[in-house]
Amino acid sequence: YQITKETLEKEGILVETISISKGIAKGMIKITANVDKTVDEINPDDYDILVFIGGSGSLNDLDNEKIHNIVRKFYSTKNKIAAICLSPVILAHSGILEGKKATVWEGAKDELIKNKVIYTGKSVEVDSNIITADGPESAKDFAKKIIEII
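Residue numbers 1 to 150, in this note's numbering, belong to the letters of the sequence shown in order.
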């Protein structure tokens, strides 16, 4: 979260933290963030890109229909979507990665394959308007790719 957010902000990009509920979001390595808006409050027309940050918390949202709906809304408007670490699995479960090239944390690659995604194993992968990355060690390159396509 932190590396991607800071890299984007250094380029003058406004970053909003979105979650299922308001309050404080807590990451797996004790990083916290204030939630700016809930998923119910966002409109794809107001954003250049929807970015999912991974970590073990992603496992809670793999089959969350609210999350899948917003992913599909962004995708249907040809908006850009990015996901890193475990969170590309959320995109796969939403159906938008079927037949597309993507990468994910190596321990979750079978989940992509099961959902008819072309797993590449690259650290960062781009297929049309979707960026995926494999984990924290690729966070800076992930952020740079986001900057490049927006």
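Misleading hints may appear alongside valid ones.
With a cut-off of at most 30 Å between alpha-carbon atoms, the simulated DSS-like pairs for lysine-lysine come out as follows [claimed, not checked]:
#1 Lys145 to Lys66
#2 Lys30 to Lys78
#3 Lys5 to Lys37
#4 Lys30 to Lys116
#5 Lys116 to Lys10
#6 Lys37 to Lys80
#7 Lys10 to Lys30
#8 Lys66 to Lys80
Just the calculated beta-carbon pair ranges, DEER-fashion [claimed, not checked]:
#9 Glu98 to Leu59: 25 to 35 Å
#10 Thr38 to Asp63: 32 to 42 Å
#11 Ile118 to Gly23: 30 to 40 Å
#12 Asp36 to Ile150: 10 to 20 Å
#13 Gly121 to Gly23: 35 to 45 Å
#14 Leu14 to Lys140: 33 to 43 Å
#15 Ile149 to Ser76: 14 to 24 Å
#16 Gly12 to Leu59: 31 to 41 Å
#17 Ile118 to Gly12: 14 to 24 Å
Everything labelled a hint here was simulated from the structure, so no lab data went into it. From a predicted model like this one, the values you see are computed outputs, not experimental measurements. Each residue gets a CB set at the ideal place from its N, CA and C atoms; glycine is no exception.
So, going through the hints one by one against the coordinates:
1. Only pairs whose Cα atoms come within 30 Å are accepted, and Lys145 paired with Lys66 is accepted, the gap being roughly 26 Å.
2. Between Lys30 and Lys78, the direct Cα distance comes to roughly 34 Å. Violation of the 30 Å bound is thereby established for this hinted pair.
3. Under the criterion of a C-alpha separation no larger than 30 Å, the hint pairing Lys5 with Lys37 is consistent with the structure, at around 16 Å.
4. As the CA atoms of Lys30 and Lys116 are separated by approximately 34 Å, the hinted pair breaks the 30 Å bound.
5. With a C-alpha separation of about 36 Å, the suggested pairing of Lys116 with Lys10 is violated against the 30 Å cut-off.
6. Straight-line distance between C-alpha atoms of Lys37 and Lys80 comes to about 19 Å, which keeps the hinted pair within the 30 Å bound.
7. Distance check on the hinted pair: Lys10 and Lys30 sit about 23 Å apart at the alpha-carbon level, within 30 Å; holds.
8. Between Lys66 and Lys80, the direct Cα distance comes to roughly 18 Å. Compliance with the 30 Å bound is thereby established for this hinted pair.
9. Between Glu98 and Leu59 the beta carbon distance is about 21 Å. The supplied range of 25 to 35 Å is therefore violated.
10. For Thr38 and Asp63, the Cβ-Cβ distance of about 18 Å falls outside the hinted range of 32 to 42 Å, so the restraint is violated.
11. In this structure the hint that Ile118 and Gly23 lie 30 to 40 Å apart at CB holds, the actual value being about 37 Å.
12. The supplied range of 10 to 20 Å is met by Asp36 and Ile150, whose beta-carbon atoms lie about 18 Å from each other.
13. The supplied range of 35 to 45 Å is met by Gly121 and Gly23, whose beta-carbon atoms lie about 36 Å from each other.
14. Remark: the range hint 33 to 43 Å for Leu14 to Lys140 is contradicted by a beta-carbon distance near 19 Å.
15. Ile149 and Ser76 have their C-beta atoms about 18 Å apart, which keeps the hinted 14 to 24 Å range intact.
16. A hinted range of 31 to 41 Å holds for the C-beta pair Gly12 and Leu59, which are about 33 Å apart.
17. Checking the proposed 14 to 24 Å range against Ile118 and Gly12 shows it is violated: the Cβ atoms sit about 34 Å from each other.
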